[in-house]
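> One letter stands for each residue in the lines below.
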Amino acid sequence: MTESVIRVVGLGKSYATAAGLFPALKGVDLDIQPGEYIAIMGPSGSGKSTFMNLLGCLDTPTMGDYFLAGNNVAHMDKDALAILRNRTLGFVFQGFNLLPRMSLQDNVALPLVYAGVDKETRQARARELLGKVGLGQYAESLPSRISGGQQQRVAIARALVNSPRLILADEPTGNLDSHTSEEIMRLFGELNAEGITIVLVTHEPDIAAHAKRQVKFLDGQIISDHLTEHAPA
Amino acid sequence: MLKAMLGEAWLAMGANRLRTALTMLGMVIGVGAVVIMMAIGQGAQYAVQQTISTMGSNLFIVLSGSFTTAGVRSGSAGGPTLNVADGEAMAELDGVANVAPTHQGSRQLVYGAQNWSTQVVGTTPAYLEARAWNIVNGAGFGDSDVRSSTRVAIIGKTVAENLFGAEDPVGKTMRIQQNPFLVIGVLGSKGQNLDGRDQDDTVIIPLTTAQRKVFGTPFLGSVRMIMVQADSAEGMPKVMDNVTSLLRQRHRLREGTPDDFFMRNLSAAAESEAETTRTMSILLGAIASISLLVGGIGIMNIMLVSVTERTREIGIRMAIGARQKDILSQFLLEAVMISFAGCLLGLLIGLAVALGINLFTGMVIVISGSAALIAFAVAAGVGIFFGWYPAQKAAQLDPIEALRYQ
Ligand SMILES: Nc1ncnc2c1ncn2[C@@H]1O[C@H](COP(=O)(O)OP(=O)(O)OP(=O)(O)O)[C@@H](O)[C@H]1O
Ligand SMILES: [Mg+2]
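Chains A and B are the protein sequences, given in the same order. Just so you know, numbering that gives the first Met the number 0 puts 96 at position 97 of the first sequence, and the rest follows in order with no gaps. Just so you know, numbering that gives the first Met the number 0 puts 194 at position 195 of the second sequence, and the rest follows in order with no gaps.
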C-alpha cells in the first residue's frame, strides 16, 4: 500500500463563539491516496470549509491528527505550516484571491518568491503555467482585466507553480456560470490525469460528478463516502 | 528575494501616492530641520572657535584698581596702581610666557588727505607674541624702541585699507595727535573678536611713546592694564595666584586690605562663550529632532492603516506560503523605504536651505558628512522603530482570519 497523501484521524475543530465553544467539525476520519479526485459535498454549515482549511494548513485543529504525506501537521508551528502551504499543496479559493495590483505573471510567481527561487526561474515557470491554463497572452495584465473564469484559472496556475502533489479547492466554481465551471472542471480533470491529487468542495452534483470519489458532510461529520457511479467519459 | 521585496514595497508606495508623499513629508521636514539646525549650530561653534583662536591662548589681564589710603579710596580718577616694573616682576614668575603692559585709547589718524579714528595700543613686543599676531608686511618694533620711545607704528589691516588705500603703508609717515609716526609693519588679519569688534581696526605703538606723545599721562611708568600669557591652560590658575601674591607684596598690601587690581581670565571667558554656543547647538538639534519624531509617528500611523487595509492581501500571501518573517520584512521595508526617501529629500532640502541662509545672511554654516550620516542612520532607525509595531501586527495575523477579512 502506498503512503496516503492525506490521513485524518478523529479530526475536530471547535470555534470559540459568544455562546461558548461551537463544534464545527466533530471527529472526522478520512484517508486519501495519491492520484485520487475527491468531491466533498454537504449542506451549508456542515463544516466543509472548516475541514478544507485544516487540510490546507490554514487553520489548526482543536482535536485529532492530520498526516500530510506522512507528517503529523496538527501540532506544527506557524512557519512550518507556511512552508507546507508553499511547497506541498496548492489552495484554490472560491473568490480567486489574486493580488489586484500585480500582473498575472507576478501573481502566479508569488509562491516562488517565498520559496526563495531566483527571478529568472520564477518568470519562466509562471509563464509556463499561464500557458498551461491557456492565458499565456495575458501575462502582463492585471487581474481586473480578465473574467472570473480566467481569474480562477490564474489562481489554479498559482496553486500549481511549486509543483505540489495536492490541490485543495473550496467551491472553485461557486462564483462562476455553468459554462465556465465546466472549463475549470476540465482543467482539474487534466491535472488529475497527470497524477495530481485533487480535493474540492462543491454544492452542485454535476460538478461533483467530475470527481472519482464523493464524500458527504453533515453537521461536522462524514455521512457517506463512495466512488462516483458514472465516472465522466 | 530582497529585490523582489523592494519592487513590491515600491509598488505598494506607488499604490497610494498622495498618502505616501504626505507621510514622507513628515520625514522631509524632520530631517530638513535637523540638517539646517545642525549646520547653523555647528557654524556658530566654528565661528566662536575661530574667534577664540585669534585671541591668543591662556591669556589673562590685570587691570589697575583703586587704592585706599587711610580709608580714602581714590577711585578710577586716581593714578594707575600698576606699573611697568610690576610687569617685569611678573615676567620672572614660573609658568609665565609673556607679559605685555598696555595703554590704549581711541585716537584720530591722519595721512595726507585721509583720516581715520581707531584704537591706539601702546605696548611692548611681547603683546604680539601673546596674541600670536604676525606681521605680514614690514617688521615689528623691538624693546629698544620701547626704551627710547621711537615714533614707529604697526597698523592693522582695516587701518591700512582706510588710511592708505592701495598704497603700501610701510615706510609712510602718518600722524597721531599731530605727532608723525613711521609705519613699519602691517598686521595679519584677525577678523572680529567675541564682542563683534573688528580686531584689525588698530594701531600698535611702543608703550612709552604712547604714554608720552599720544595719551600724555601724568603717571609715566604706570599702566592701567597688563596682559599676561601663561605657558599652559593647566598652569593658568597657579600663575594667577602667583601674580596676585606678587602684586600684593609689591604694593605692600597688608593682610585684610582688598586688592588694588583686578584680574580677568580672557581664555575662561572665551571658553564659556564656546560652551554657550555648544549648548545652543545641541538645543537646536534637540528641538529639530522632535519634528523627526513626529515624522516617525506619521509613518507608524500610515503603516497601521495600511496593515488594516491590506489584511486580506496578507491573508492571501500567508495562504500561498509567506512566513511571519516574510510579512514582517515586507512591511518593515515599506516603512524604511518611506523613511529613507523622506530622509534623502529632507537632506537635500536642508542643505539647500542652509546654503541659502549662508548666501543671503552671511551666517557661518558648517555642513559635515557626519550630519548626513547621522540623518541616514536616524531615517533607518525611525523606519524600523516606527514600522516595527505595524509590521509585527501584520505578521501576527491569523491566515484564516485575514482571508475572511472584507
Ligand atoms: N470563525 C468561525 N467562528 C465561529 N463559527 C464558525 C467560524 N467559521 C465557521 N463557523 C461555523 O462553523 C460551521 C461550519 O462552517 P463552514 O464554513 O465549515 O461550513 P461550510 O460547510 O463550508 O458551509 P458553506 O457551504 O456555506 O460554505 C458553521 O455553522 C459556521 O457558522
Ligand atoms: Mg464553505
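Please keep in mind that the hints were generated in silico from the structure rather than gathered at the bench. These numbers come from a predicted model, not from an experiment. A couple of the hints might just be wrong.
[To be verified] Under the rule of at most 25 angstroms between Cα atoms (straight-line distance), these lysine-lysine pairs were calculated in the DSS-like manner:
#, chain 1, residue 1, chain 2, residue 2
1, B, Lys156, B, Lys171
2, A, Lys131, A, Lys211
3, A, Lys77, A, Lys211
4, A, Lys77, A, Lys25
5, A, Lys77, B, Lys324
6, B, Lys324, A, Lys118
7, B, Lys392, B, Lys324
8, A, Lys131, A, Lys118
9, B, Lys2, B, Lys392
10, B, Lys237, B, Lys171
11, B, Lys392, A, Lys77
12, A, Lys118, B, Lys2
> Take the hints in turn and mark each one as holding or not.
Now the hints, each set against the structure:
1. Between Lys156 (chain B) and Lys171 (chain B) the CA atoms are separated by roughly 15 angstroms; this keeps the pair inside 25 angstroms, and the hint holds.
2. Taking the CA atoms of Lys131 (chain A) and Lys211 (chain A), the gap is about 23 angstroms. The hint holds against a cut of 25 angstroms.
3. Simply put, Lys77 (chain A) and Lys211 (chain A) have alpha-carbon atoms about 33 angstroms apart, too far for the 25 angstroms limit, and the pair is violated.
4. Annotation: proposed proximity of Lys77 (chain A) to Lys25 (chain A) holds, straight-line Cα distance about 23 angstroms (limit 25 angstroms).
5. Our distance criterion of 25 angstroms between C-alpha atoms is met by Lys77 (chain A) and Lys324 (chain B), whose separation comes to about 11 angstroms.
6. The straight-line distance between the Cα atoms of Lys324 (chain B) and Lys118 (chain A) is roughly 20 angstroms, inside the 25 angstroms bound, and the hint therefore holds.
7. As the CA atoms of Lys392 (chain B) and Lys324 (chain B) are separated by approximately 12 angstroms, the hinted pair is consistent with the 25 angstroms bound.
8. For the hint pairing Lys131 (chain A) with Lys118 (chain A), the CA-to-CA distance comes to about 20 angstroms; that is within 25 angstroms, so the pair holds.
9. For the suggested pair Lys2 (chain B) and Lys392 (chain B), the alpha carbons sit about 23 angstroms apart, so the restraint of at most 25 angstroms is met.
10. Taken as a hint, the Lys237 (chain B) and Lys171 (chain B) pair is broken in the structure, with Cα atoms around 44 angstroms apart against an allowance of 25 angstroms.
11. Between Lys392 (chain B) and Lys77 (chain A) the alpha-carbon distance is near 15 angstroms, which keeps this suggested pair within the 25 angstroms criterion.
12. Taking the CA atoms of Lys118 (chain A) and Lys2 (chain B), the gap is about 9 angstroms. The hint holds against a cut of 25 angstroms.
Comparing the model with each numbered hint stated earlier shows that hints 3, 10 do not hold.
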